[in-house]
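Chain by chain, the residues run as shown.
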Amino acid sequence: MRVLLLSFCCGLIFMLLQTTLFAAVLPPELRPNLLLILVVYLSLNESFSRAALLATFLGALQDVFSGTTLGLYAITQLMIFMLVRLFAARLNVESRRLLLILLSAGTLMQAVVIAFLLALFADAGAVLQILILSLPAQLLVNLLTGFVLLNLLLKVQPLLGTRLGMAGIPYQSKHHGA
Amino acid sequence: MRHFLKRHQTLILAVLLLLAMLLVYSFNLRQKSATTLLERVVLAVTEPLQAALTLSGRSVGALWTRYLWLIETQEQNLALSRENRELRASLQGVSETRLENQRLRKLLDFVETDPRPVLPAMVVAEDASSWARTIVIDKGALQGVREGLPVVVAEGVVGRVIKVAPGSARVLLVIDASSSVAGLVQRFRTRGVARGNGRGLTFEYALRDETVQVGDLIITSGMGGLFPKGLVLGYVTQVQRTDASLFQQIELHPDLDFSRLEEVLVLLEPPP
Numbered sequence: 001m002r003v004l005l006l007s008f009c010c011g012l013i014f015m016l017l018q019t020t021l022f023a024a025v026l027p028p029e030l031r032p033n034l035l036l037i038l039v040v041y042l043s044l045n046e047s048f049s050r051a052a053l054l055a056t057f058l059g060a061l062q063d064v065f066s067g068t069t070l071g072l073y074a075i076t077q078l079m080i081f082m083l084v085r086l087f088a089a090r091l092n093v094e095s096r097r098l099l100l101i102l103l104s105a106g107t108l109m110q111a112v113v114i115a116f117l118l119a120l121f122a123d124a125g126a127v128l129q130i131l132i133l134s135l136p137a138q139l140l141v142n143l144l145t146g147f148v149l150l151n152l153l154l155k156v157q158p159l160l161g162t163r164l165g166m167a168g169i170p171y172q173s174k175h176h177g178a
Numbered sequence: 179m180r181h182f183l184k185r186h187q188t189l190i191l192a193v194l195l196l197l198a199m200l201l202v203y204s205f206n207l208r209q210k211s212a213t214t215l216l217e218r219v220v221l222a223v224t225e226p227l228q229a230a231l232t233l234s235g236r237s238v239g240a241l242w243t244r245y246l247w248l249i250e251t252q253e254q255n256l257a258l259s260r261e262n263r264e265l266r267a268s269l270q271g272v273s274e275t276r277l278e279n280q281r282l283r284k285l286l287d288f289v290e291t292d293p294r295p296v297l298p299a300m301v302v303a304e305d306a307s308s309w310a311r312t313i314v315i316d317k318g319a320l321q322g323v324r325e326g327l328p329v330v331v332a333e334g335v336v337g338r339v340i341k342v343a344p345g346s347a348r349v350l351l352v353i354d355a356s357s358s359v360a361g362l363v364q365r366f367r368t369r370g371v372a373r374g375n376g377r378g379l380t381f382e383y384a385l386r387d388e389t390v391q392v393g394d395l396i397i398t399s400g401m402g403g404l405f406p407k408g409l410v411l412g413y414v415t416q417v418q419r420t421d422a423s424l425f426q427q428i429e430l431h432p433d434l435d436f437s438r439l440e441e442v443l444v445l446l447e448p449p450p
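Chains D and G are the protein sequences, given in the same order.
Mapped onto the working numbering, the consecutive letters of the first sequence carry residue numbers 1 to 178.
Mapped onto the working numbering, the consecutive letters of the second sequence carry residue numbers 179 to 450.
FYI, nobody ran anything at the bench for these hints, they're computed from the structure.
Small disclaimer: the values here were computed from a predicted structure and weren't measured.
From the three backbone atoms N, C-alpha and C, an ideal C-beta is built for every residue, glycine too.
According to the in silico footprint, chain G covers these stretches of chain D (three or more CB under 8 Å from chain G): (1) 13-26; (2) 47-55; (3) 58-67; (4) 75-89; (5) 115-122.
If the Cβ cut is set under 8 Å, some of the chain D residues that face chain G in the computed set are: (6) Leu72; (7) Gly125; (8) Ala126; (9) Ile130; (10) Leu131; (11) Ser134; (12) Gln138.
Let the hints inform the model, and build the full structure from the sequences given.
See the structure below:
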């Protein structure tokens, strides 16, 4: 329960930052998708059911903070979680580079799923064009932010001392049997 | 059966969650104009925080643009000086037109057609996604804001309210890909629909016969009853005509910078 609450609060803070501070200084395509980074991280570090629920809740939170219909980002984040989990079961997730690769895959997956859902259920209109045009910038910004956050967390984590490890260091072996 | 369920429980959970979310999404698509309880709660709780953070963000942004990024300021300065000279030159003509306008209004017993009260609001947050274009304002249902009300600034149309919480509301900008507003070319009165494309607008269904030119002003037509007639949507920046199509493809540039919106006006419902 504590992890669920902490992750949700973290997601809320990320959303507030994304819609206010980042919005004041960066154009939309250059704002990092912090929630996506959080979902990828949680997908690697939490149990299946907990991570699935968190991905869905965080996606719903992103729906509320975006002008989108409730459910769009919830589905997208859930699918990103599944993709990461699928890869994580087969690869060495203790590698930091892999986390960044998974983040890139997540960014691409997000664009594809949103485009697919909008084309299937709603009027996609010019959204596809916007998504394609902003994708390279989004990829770059998400990778850069993911790298910075990962290094920051690795430095902060020994000070907290509550949980041993995170994506990129041996903690994952508990869940993935490495 | 039990063995099968136990063996594939994670997969079943994921599929069930996915199906549930698809149902939620498709249900909410049909209820587009309604604000869900979750949206109302989150908007109400986070609005004060967003307002505080936005003010801090603007201070940082102002520091960057005013003191560190002076190239843009210099360009703006040159453009404004040029515009100032042009405006001074046309001022004589405008004052003459104003007098003529006053006389004609009196003659026609002109009545102001839009008695709607306006509500000033501050922009407290932007959209969390990279492709949707919405903003959050610090006025909501308690101040009389309802879904569908138009939001404007002096330079033209901003958008319309799509979600309302007690003390805040979300506004869909006219440049959002899902936004469309009935408009007309001011010079020819040619009707069409202005659709958002993320950065600006495209003016669709304007008949090819009328030769719209770059620089022409597109205003709201008042059709549909949402936006009052005569609000500025943008200036024509590009026109494409092909023999194969009945309509011309027109690109618009809005007269306001949507990334720097700070205060807006909500046009409230007229008193009964």
